[in-house]
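First to last, the protein sequences are chains D and G. For the record, in the first sequence the residue sitting at position 200 is 200 according to the working numbering, with numbers rising by one throughout. For the record, in the second sequence the residue sitting at position 361 is 361 according to the working numbering, with numbers rising by one throughout.
It is possible that part of the hints are untrue.
As a list, the in silico DSBU-like pairs of lysine-lysine whose alpha-carbon atoms are at most 35 Å apart [what the hints assert, rightly or not]: (1) K102(G) x K182(D); (2) K361(G) x K182(D); (3) K103(G) x K160(D); (4) K34(G) x K103(G); (5) K223(D) x K165(D); (6) K103(G) x K212(D); (7) K343(G) x K361(G); (8) K343(G) x K261(G); (9) K177(D) x K361(G); (10) K7(D) x K165(D); (11) K261(G) x K64(D); (12) K78(D) x K165(D); (13) K34(G) x K160(D); (14) K64(D) x K103(G); (15) K177(D) x K343(G); (16) K78(D) x K261(G); (17) K103(G) x K124(G); (18) K98(G) x K160(D); (19) K177(D) x K103(G); (20) K177(D) x K261(G); (21) K13(D) x K214(D); (22) K124(G) x K177(D); (23) K102(G) x K64(D); (24) K368(G) x K160(D); (25) K98(G) x K182(D); (26) K403(G) x K361(G); (27) K142(D) x K78(D); (28) K165(D) x K261(G); (29) K78(D) x K64(D); (30) K223(D) x K403(G); (31) K71(D) x K223(D); (32) K261(G) x K71(D); (33) K212(D) x K102(G); (34) K182(D) x K71(D); (35) K124(G) x K182(D); (36) K124(G) x K403(G); (37) K114(D) x K160(D); (38) K214(D) x K165(D); (39) K102(G) x K165(D); (40) K160(D) x K182(D).
Hints were generated in silico from the structure; no laboratory data involved.
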Amino acid sequence: MLEQYIKQRLQHKDLLLMTHIVLGYPSYDDAMRLVEGMVEAGVDLMELQIPFSEPMADGPVILKANAQALKAGATMEKSLRMAEQITAAFDIPFLFMTYYNILFKYGVSDFVAKMQAIGIKGAIIPDLPPEEGSEYLQAMQKHGLDPVHIFTPNSSMARKQQLNKHTSGFMYTVARKGVTGKDTQFGDELGDYLLDCRQATDLPLALGFGVKSKADYEFIRGKADVAIIGSEAIRVMEDHGVDAVGPFIRSIIT
Amino acid sequence: MQNRGYFNQFGGAFIPEILVPTFDQLEAAYLEAKADPAFWQEYVDLMSTYSCRATPITYAENLSRHFGGAQIYIKREDLNHTGAHKANNVMGQGLLTKRMGKKRVIAETGAGQHGVATATMAAKFGFDCTIYMGAVDVARQRPNVFWMEQMGATVVPVEDGSATLKDAINEAFRDWVTNMDDTHYVLGTACGPYPFPEMVSWFQSIIGSEAREQMLARQGRLPNRVYACVGGGSNAMGLFSGFMTDTEVELVGVEAGGRGKGIGEHAARLAYDDATIGVAQGYKTYFLQNNNGQMMDTHSVSAGLDYVGVSPILADLHDTGRVRFEAATDDEVVAAMQLVVQKEGLIPALESSHAFAQAFKEAPAMGKDEIILINQSGRADKDIFTVADAIDDPKWREFIITKADQYRARAAAEGGVE
Ligand SMILES: Cc1ncc(COP(=O)(O)O)c(C=O)c1O
Numbered sequence: 001m002l003e004q005y006i007k008q009r010l011q012h013k014d015l016l017l018m019t020h021i022v023l024g025y026p027s028y029d030d031a032m033r034l035v036e037g038m039v040e041a042g043v044d045l046m047e048l049q050i051p052f053s054e055p056m057a058d059g060p061v062i063l064k065a066n067a068q069a070l071k072a073g074a075t076m077e078k079s080l081r082m083a084e085q086i087t088a089a090f091d092i093p094f095l096f097m098t099y100y101n102i103l104f105k106y107g108v109s110d111f112v113a114k115m116q117a118i119g120i121k122g123a124i125i126p127d128l129p130p131e132e133g134s135e136y137l138q139a140m141q142k143h144g145l146d147p148v149h150i151f152t153p154n155s156s157m158a159r160k161q162q163l164n165k166h167t168s169g170f171m172y173t174v175a176r177k178g179v180t181g182k183d184t185q186f187g188d189e190l191g192d193y194l195l196d197c198r199q200a201t202d203l204p205l206a207l208g209f210g211v212k213s214k215a216d217y218e219f220i221r222g223k224a225d226v227a228i229i230g231s232e233a234i235r236v237m238e239d240h241g242v243d244a245v246g247p248f249i250r251s252i253i254t
Numbered sequence: 001m002q003n004r005g006y007f008n009q010f011g012g013a014f015i016p017e018i019l020v021p022t023f024d025q026l027e028a029a030y031l032e033a034k035a036d037p038a039f040w041q042e043y044v045d046l047m048s049t050y051s052c053r054a055t056p057i058t059y060a061e062n063l064s065r066h067f068g069g070a071q072i073y074i075k076r077e078d079l080n081h082t083g084a085h086k087a088n089n090v091m092g093q094g095l096l097t098k099r100m101g102k103k104r105v106i107a108e109t110g111a112g113q114h115g116v117a118t119a120t121m122a123a124k125f126g127f128d129c130t131i132y133m134g135a136v137d138v139a140r141q142r143p144n145v146f147w148m149e150q151m152g153a154t155v156v157p158v159e160d161g162s163a164t165l166k167d168a169i170n171e172a173f174r175d176w177v178t179n180m181d182d183t184h185y186v187l188g189t190a191c192g193p194y195p196f197p198e199m200v201s202w203f204q205s206i207i208g209s210e211a212r213e214q215m216l217a218r219q220g221r222l223p224n225r226v227y228a229c230v231g232g233g234s235n236a237m238g239l240f241s242g243f244m245t246d247t248e249v250e251l252v253g254v255e256a257g258g259r260g261k262g263i264g265e266h267a268a269r270l271a272y273d274d275a276t277i278g279v280a281q282g283y284k285t286y287f288l289q290n291n292n293g294q295m296m297d298t299h300s301v302s303a304g305l306d307y308v309g310v311s312p313i314l315a316d317l318h319d320t321g322r323v324r325f326e327a328a329t330d331d332e333v334v335a336a337m338q339l340v341v342q343k344e345g346l347i348p349a350l351e352s353s354h355a356f357a358q359a360f361k362e363a364p365a366m367g368k369d370e371i372i373l374i375n376q377s378g379r380a381d382k383d384i385f386t387v388a389d390a391i392d393d394p395k396w397r398e399f400i401i402t403k404a405d406q407y408r409a410r411a412a413a414e415g416g417v418e
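Take these sequences, add in the hints, and give me the full structure.
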């Protein structure tokens with residue numbers, strides 16, 4: 001379903017933008033304003049991260065955001081309620097991003113059913129390889145939701161093809177090794193890597209990890225279908241306030 | 001990977017996609033080494049020349065008499081180079097690192113024993129070395145930090161989360177997902193994603209196979225009960241593996257009871273009812289977490305047992321009933337340690353003293369013809385500050401004050417701090 005949405009949008013513009021927020025950071029109210037600012041600025045899709053105490057794949061910015069959200073009293077119940085409000089208020093698709101223990105403790109099938117009930121369209125679970133995810137994958141399929149997996153510069157063609165079998169919506173491709181939020185050198189190699197990714201899947205490609213500026217965004221144009229901005233938007237908010245994020249996004253896409 | 005490393009419902013490999021080829025390579029190297037008798041021989045030779053293997057078993061005559069029950073024997077892992085069983089796993093993984101052609105090692109450490117062991121291995125094999133250590137642990141285990149740095153390792157204090165072992169593990173993984181091409185992550189205990197729990201237990205099984213042979217040679221029979229402390233579970237798995245199929249031998253794992261029951265007060269995942277099954281740090285086991293799945297703070301007087309999860313293999317042995325789990329509180333542990341020091345002149349680490357504390361609770365009720373074997377997983381040199389605090393030794397305090405005055409005077413003379 002996300003696939004159709006992305007392909008439709010791509011008929012009007014050649015590069016979409018997905019952003020990322022952490023539910024409950026810096027507070028639930030501020031996170032809501034953040035979403036509003038981003039959507040108004042023209043974001044096409046958004047990841048809502050449910051905070052976890054051990055965000056192993058995240059770099060310093062998102063790691064701190066997770067910890068702060070929990071310290072400020074973020075809970076599962078509040079995060080789910082807020083996600084429901086967000087999907088009701090804004091007309092773009094939202095995905096959950098979180099770690100597997102959040103689903104596991106809730107009950108994997110119940111969690112997926114809940115996602116559907118509150119209008120979430122897909123999920124990215126970076127510590128759940130398909131080999132460990134059969135219950136999750138079945139539930140996602142049953143509820144018509146998109147499980148998104150990750151291509152990395154280390155993934156062999158065989159691995160990419162295997163991941164592709166378990167993925168719908170779009171493929172998340174990371175631009176480099178490492179955790180979220182560190183610098184990426186956007187160069188020729190990246191172009192070759194994305195060509196490689198195209199061979200392994202017919203799904204739209206979203207490119208993330210280290211996208212920070214209009215120059216990065218323009219570099220991606222014509223190579224991937226969706227650019228992902230994660231840590232940088234959080235950094236802008238931390239340095240310049242919630243209201244600065246909308247203009248930041250606008251400055252990138254226009 | 002060929003396998004996923006499940007022990008009934010526990011274990012698995014919940015790893016970020018970027019590490020999939022790294023784990024493929026590690027599993028292949030591990031399985032190949034395991035199938036190669038020459039590898040194990042090389043390992044045993046290394047441990048008998050660089051460390052102190054086979055470590056002896058000591059009969060604790062005075063303690064046995066003191067309690068008037070079971071005969072108490074002690075497996076002396078404290079006699080390893082660097083003072084703990086951690087050396088076994090580290091040297092084994094060092095040999096694997098060489099086989100894989102990697103040039104850099106990273107590790108997490110709690111008490112600092114695993115960090116020191118990894119730093120020695122890196123010095124010996126010529127690897128670059130970075131150690132991640134919770135800031136709380138850096139503060140309470142300065143002597144180990146000192147030695148790691150002397151051996152050329154970079155010690156990175158981790159301020160995130162609870163600033164203890166679990167946070168050091170997360171940070172080591174963050175390093176690994178960036179530098180996997182030339183770097184091996186020497187995980188220090190029988191936890192984490194497959195193949196670590198199995199592989200670490202395999203290297204540590206040298207403890208149990210020696211101990212079994214030694215008991216038979218010395219006493220002509222096996223012990224009735226075997227005790228080991230349980231942090232992540234590597235020394236326990238090491239000793240228990242020697243007796244796993246001897247069903248008449250009772251295996252007892254002793255966790256950190258801290259200040260007693262109640263989440264946040266201890267690190268007893270199996271002995272108390274506060275932990276539930278979850279998935280974190282790449283594997284499925286019992287974790288001390290809330291009902292949202294957030295990991296909770298733990299407490300123990302011993303940094304090395306202060307951890308939210310536990311070996312998936314031990315979680316399974318708990319559920320099947322093969323291993324009995326108990327907890328010893330901070331106070332019991334310090335008292336047990338003092339007793340061992342006074343009665344036997346041995347100096348068990350605070351971690352190991354958990355095993356002693358539990359054995360001492362049970363020994364008096366056992367018969368004189370029964371045998372207890374306790375794993376002294378390490379020695380307490382590193383714990384001197386913590387123990388001196390716990391027993392509030394006035395002479396030690398005076399020594400530190402004098403030393404501090406001297407440093408302060410020198411700093412003032414050099415125009416440093418006031
Ligand atoms: C002396 C000693 N014993 C025990 C442990 C606990 O680890 P494990 O449960 O893996 O043996 C540690 C950990 O640092 C230690 O230093």
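Consistency of the hints with the structure:
1. Using a Cα cut-off of 35 Å, the hinted pair K102(G) and K182(D) holds, with the two alpha carbons roughly 24 Å apart.
2. Distance check on the hinted pair: K361(G) and K182(D) sit about 53 Å apart at the alpha-carbon level, beyond 35 Å; violated.
3. Taking the CA atoms of K103(G) and K160(D), the gap is near 28 Å; set against the 35 Å cutoff, the hint holds.
4. For the hint pairing K34(G) with K103(G), the CA-to-CA distance comes to about 22 Å; that is within 35 Å, so the pair holds.
5. Distance check on the hinted pair: K223(D) and K165(D) sit about 22 Å apart at the alpha-carbon level, within 35 Å; holds.
6. Taking the CA atoms of K103(G) and K212(D), the gap is about 33 Å. The hint holds against a cut of 35 Å.
7. Under the criterion of a C-alpha separation no larger than 35 Å, the hint pairing K343(G) with K361(G) is consistent with the structure, at around 16 Å.
8. As the CA atoms of K343(G) and K261(G) are separated by approximately 30 Å, the hinted pair is consistent with the 35 Å bound.
9. Distance hint between K177(D) and K361(G) is unfulfilled; the C-alpha atoms sit about 51 Å from each other, more than 35 Å.
10. Between K7(D) and K165(D), the direct Cα distance comes to roughly 19 Å. Compliance with the 35 Å bound is thereby established for this hinted pair.
11. At most 35 Å may separate the alpha-carbon atoms for a hinted pair to count; K261(G) and K64(D) meet this at roughly 30 Å.
12. For the suggested pair K78(D) and K165(D), the alpha carbons sit about 34 Å apart, so the restraint of at most 35 Å is met.
13. At roughly 30 Å between alpha-carbon atoms, K34(G) and K160(D) fall within 35 Å of each other, so this suggested pair holds.
14. Taking the CA atoms of K64(D) and K103(G), the gap is about 31 Å. The hint holds against a cut of 35 Å.
15. About 55 Å separates the Cα atoms of K177(D) and K343(G), which puts this hinted pair outside 35 Å; it is violated.
16. As the CA atoms of K78(D) and K261(G) are separated by approximately 29 Å, the hinted pair is consistent with the 35 Å bound.
17. Proximity of K103(G) to K124(G) is assessed by CA-CA distance (about 12 Å); at most 35 Å being required, the pair is judged to hold.
18. Of the pairs offered as hints, the one joining K98(G) and K160(D) holds, with about 29 Å between alpha carbons and a cut-off of 35 Å not exceeded.
19. This hinted pair checks out: K177(D) and K103(G) have alpha carbons roughly 18 Å apart, not beyond 35 Å.
20. Our distance criterion of 35 Å between C-alpha atoms is broken by K177(D) and K261(G), whose separation comes to about 42 Å.
21. The straight-line distance between the Cα atoms of K13(D) and K214(D) is roughly 16 Å, inside the 35 Å bound, and the hint therefore holds.
22. Using a Cα cut-off of 35 Å, the hinted pair K124(G) and K177(D) holds, with the two alpha carbons roughly 29 Å apart.
23. A hinted pair counts as satisfied when its Cα atoms are at most 35 Å apart, and K102(G) with K64(D) qualifies at roughly 31 Å.
24. A threshold of 35 Å between alpha carbons decides the hint, and for K368(G) with K160(D) the separation of about 64 Å lies outside it, so the pair is violated.
25. For a cut-off of 35 Å, the pair hint linking K98(G) to K182(D) stands: about 30 Å separates their Cα positions.
26. For a cut-off of 35 Å, the pair hint linking K403(G) to K361(G) is broken: about 39 Å separates their Cα positions.
27. A hinted pair counts as satisfied when its Cα atoms are at most 35 Å apart, and K142(D) with K78(D) qualifies at roughly 26 Å.
28. Straight-line distance between C-alpha atoms of K165(D) and K261(G) comes to about 47 Å, which puts the hinted pair past the 35 Å bound.
29. Under the criterion of a C-alpha separation no larger than 35 Å, the hint pairing K78(D) with K64(D) is consistent with the structure, at around 19 Å.
30. Annotation: proposed proximity of K223(D) to K403(G) is violated, straight-line Cα distance about 64 Å (limit 35 Å).
31. Distance hint between K71(D) and K223(D) is unfulfilled; the C-alpha atoms sit about 40 Å from each other, more than 35 Å.
32. Pair hint K261(G) plus K71(D) holds up; C-alpha atoms about 24 Å apart against a cutoff of 35 Å.
33. The suggested pairing of K212(D) with K102(G) holds, with an alpha-carbon distance near 33 Å, which does not exceed 35 Å.
34. For a cut-off of 35 Å, the pair hint linking K182(D) to K71(D) stands: about 24 Å separates their Cα positions.
35. Distance check on the hinted pair: K124(G) and K182(D) sit about 33 Å apart at the alpha-carbon level, within 35 Å; holds.
36. Distance check on the hinted pair: K124(G) and K403(G) sit about 33 Å apart at the alpha-carbon level, within 35 Å; holds.
37. Of the supplied pair hints, the one linking K114(D) and K160(D) holds, its CA atoms being roughly 29 Å apart against a limit of 35 Å.
38. For the given pair, K214(D) sits about 33 Å from K165(D) by alpha-carbon distance, which is consistent with the 35 Å threshold.
39. Of the supplied pair hints, the one linking K102(G) and K165(D) holds, its CA atoms being roughly 33 Å apart against a limit of 35 Å.
40. Of the pairs offered as hints, the one joining K160(D) and K182(D) holds, with about 24 Å between alpha carbons and a cut-off of 35 Å not exceeded.
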